[in-house]
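Q: Given two chains presented individually in distinct reference frames, assemble the corresponding complex, making use of the accompanying hints.
Chains A and B are the protein sequences, given in the same order. Using the working numbering, the first residue of the first sequence is number 1, and each one after it goes up by one. Using the working numbering, the first residue of the second sequence is number 1, and each one after it goes up by one.
Misleading hints may appear alongside valid ones.
[Said to hold, decoys possible] Selected chain B positions facing chain A (Cβ under 10 Å, derived; list incomplete):
#	residue
1	VAL144
2	LEU158
3	SER336
No lab work stands behind these hints, which were simulated from the structure alone. Bear in mind that the values here come from a model prediction, so they are computed numbers and not experimental data. By construction, the Cβ of each residue, glycine as well, lies at the ideal position given by its N, Cα and C atoms.
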Amino acid sequence: MLLLLQYTLIFASVLLLVALGGCYSEHSGVINLGLEGIMVIGALGGALVMRFLPTGMNGFLVVILTLLGAIVFGVAYSALLAVACINFKADQTIVGTALNILGTALATVLVKAINMSINPDDVSSTIQYVEAKKSFVTYIGSFQFNWFMLIAVIVLIIAYVVLYKTKFGLRLMACGEHPQAAASVGINVYKMRWAGVLISGVFGSLGGISYILAGVSEWKFENGVAGFGFLALAVMIFGQWKPTRIALAALLFGLFRALSNVYIGIAFLANLNIPSTVYNMLPYVICLLVLALTSKNSKAPKAEGIPYDPGQR
Amino acid sequence: MKKKNILQSEGVQSLLASLICIVLGLLLGYIVLLFINPAGAGTAIMAVIKNFMNYSKAALQAKNFGNTLVKTAPLLMCALSVLFCYKVGLFNIGAAGQYVIGTCISIYAALAWHLPWWLCLLLALCAGFVYGAVVGLLKAYCNVNEVISGIMLNWIGLYLTNMILTGVKESTSPYTLHIRTYSKGSILPTLGLDKLFSNNEYVSIAIPLAILITIAIKIILDKTRFGFELKATGFNKNAAKYAGMAEKSNIIVTLAIGGALAALGGAFLYLTDYELWECTSSAVPGMGFNGIAAAFLGGLNPIGTIFSSYFIQHITTGGAYVDKTHYSSQISDLISALIIYLCGFVGFMKLVMKRRIAVAEERSKVTGEVIENKKGGKK
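Chain B extracted, bound-state conformation (with noise of 0.2 Å):
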């Protein structure tokens, strides 16, 4: 019997890729570090690492571990919204403008209309679901490029935000109003989850829900019709048309849905109170662009997607430790993009593995068949 070589299962190589861009990430952030400040960069870098970690008592350790989960929650809800799309070929940049729409919508659905916490999701995910179909409709009908009015919807939908929002923010500061103030019943409900985060009020069930909502992304893709046909568009969208499939609708939908899961995310943030829109952003919000990160990161694979999710929150968050006198948090959005970056070597790194392991077959086989011609000869 043959060992099988463990390399050439499609999820290990995948695996393996992820780490290797994890492992160079962290050190070329390692080395920007260096170049800043050489005396600190050791510590920096593991302060990032380390997170929540950072702090010595488990009951801290266990809130700010809440405290990531809840902002993980939102980064998984973008990352599956690009790679939903990007399983039929679109590359959804605009998952930050969606992201941005369900937050716009959810908190003035809680603040201005005081609606329950299912409602104001619900409201949201409609939002979105028409903010990305624009996208599909500009792709499928007029031939624009998605990654363009991708970006163009984010600073359209970040000053229709500013400018709906200011309509509920306090009077004295740029920020909206507290939701846990003025419309208890909108917060999101914990179901006893706080308890298990020493007693972290904003860990909700946005965190079990986008979990939930990966597995159905996850079976929507692998196992039912839509999510076949809507691969084979990827892989093909000639073949596609030519099989009878509607591949102008599939780009609709699928755009629609994407853009329904990443205005998801913002309402699983911004329901929970634990952050503030504020009226006077000049910038979008990140969650969007690292949800690209995470998509890549996670493989393309629903469940990947999670565990990357997490370790892109995991660092953003650690950014916050690194020492302030010499270093600026944003040293993990440097070492996102640096992942970003080189899962665009993803494909070369499984040429490469793919090369190695079929080099060594050939070779086994190649001895095998030599052992053989000496046993006939012996004959």
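Extracted from the complex, chain A is given alone in its bound form (with noise of 0.2 Å):
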């Protein structure tokens, strides 16, 4: 039961961080749906500063120095989403989903070209990071804590304050529900979308690096992250685009997740004997049975996926 409490809080964590990303992004007006590649560039940007980190080196500058890495990788690597959908007012979907694939992709071909560098008889594209993992996680009794739940909590508690509380924040939201309106009393909308887009890069990334720690300790990046920026696009929707409901929602599909990772362990799921491919597929299914519940009456960003035209009224 501990060990389900674990994987529930840790995919949750990822799905929190990569959902509150969306969450920016969404509510500057661009639709992200490259978050799953932003979070496949990220983790590779993190698992490449572990894998060529020294050994030995001090704990917490490890951790300091991956999140570093990730954060740079993934904030590039949204501002190509920026660029295209901003200044040159390209169809989100289009360039979304190529980011998504070209993530992967490029992971793969960058990984194998180093593998390959460094021993020309590995052509694999997994990345091992046994050691530096170790300094992710703490013992709590037998409970594995792993310091991305706190992250996690920390940038809740931050994503709130900012969207809510702040002049940035109201400001950027502005810029979601009517552009022009912003414009008219001076916001500079090219600027805010710019800033939302690039928050959700380094949201999307810590995402991928914490997704890519949890539970393994090596990644084949030929798989990418196997969905769950979309999954988390779909916490983001579930929780109606507001960081304290996105929070619950991910708690509810990173459940559905752990379970596939655990129920062998749990005696009375082991003992239905459903085949294991049926769990892989649970959190899909509750998701599109959420989303066919709750995406009625969608609070959705009301300029969401529209490229900003100042001459429009």
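A: What follows is the structure, given as structure tokens:
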């Protein structure tokens, strides 16, 4: 049971981080469908740092450098979305999708190239980080506490305060509701949307690195992040674009995702003899059901997905 | 008589924009290769572009050209699926999952029930129709974003397929049984097409069928009332509703047809026995996603899609020929992804072209007027 709690919390943290990232972007008026790709590239940045750090480094430093590596990669990557969607008024769905496919392809090509340059026989797209991973976890009794659980809570509080209590947050949200009105009172819509997308890059990449550190100590980049970016978007929609509700939604989805990892350890579920693929499918099925029930009265930002046109009324 | 600027035609603009996307995509891919290992980058990118021409013997070239075509047919179907839905303003990213469902049903029908090929195709088509309709129902009645439901159904489809096809797999490997050995009647007939490609047994009627379906889609979209309604719904949902069109059922039917097209694509590939399904797959096959690239690269025109699908498949297969000591075959996925990204800029490119034409026209008009005035002045 403790294991279930542990996995639920870690997966919920991942979803929460990414969903909050998406939340910033959407409140500024840009649909960030590329979150999945941003997660992969962020995870790649963090994994590369962990791979090439000298062994025996201070644990705290390892954590900070890894997070920085992830953020730098993720933010740079999200700029690709920003420049296309904000400055060139590209279709946000196409560009987001392109970034998702590109993320996995780019990570695979780069990791394979790095692996091959070190050992010509190693053609895998896997990065190992057994040692570095230990810096991210600490034990409270037999409960494995992952620092990302704390980071997620901090990010949640920051998101709530920034969006609702600061000038910046309220202006950001104005750009997602009615950009022309926001512009009329002197807000630079382009800058605000850039800020929204880049912040989603920060949190998306944190989500990515936390995902590949959840439970495993190596990652095969060919697999991307298995639709987690989209699950996070579903969490965001289920949470009606509000940080606190998003947190609750993330916990629910985290629980179902965790079940597929630990159901064998729970006697009651193991006895049901359901094939493991059913558990693998579960988060996606639940996601569909939840979306079907909650999307009707969507509180989505009004202007999301529409390129900003200063001349429009 | 004034000479009409060739750039004014919408078709020429699309073609030019697509060519720019291809060139830039290849160039960026080349830069990535340079970054990995400068020495072999030129040879590697040429290997991707040459694909089957990497072989020197004509017979081998023909055989491998056939192999590329075998995989172009399913890609074309996925691209059509994306294109058809996009005409109604829907982004069918679920094509990847619908393709997997088509694969699943066609293989199962062949191996478990030994049905003839046309029945396998029909079953796959029906399954895809239903699977696509789910996305449509969710969109029309529950307001669920089709991209997110599509992605969820992609993963559900993948796991379902793994589960169902485990019943017909080889006992010692994760792959499904060979259809050619266990159910010969389920293999798509070749109609002698194999002879054209040095007896490549995988070249089947799937290729002409896919082209016929493309033409049918073109006719539906351009010449029928149904197609007109679909496009009208895509342009402005509210206006279409106001004009008395059933926009809800249009959405559902569109996505269902999109699903059927992508599912047929799956059947077109796996009923040739060219590939076997791996029952432990942990990622959704890239075919559906490449379909997005092909659809946009083809300028969202069914006929253009035939060529763009071939191109995308050409470089995807070509990726296998890069020097494996330095590079990986995924470089072609990278290039297709870059091309999709660049397709996002097509609207901008066309805008620039239109502006240049407008400026040029304005200029010629002004100079024309000046000449007229001078003539007038002489009188």
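Q: Could you work out which of the previously given hints the structure breaks and list their numbers from low to high?
A: none
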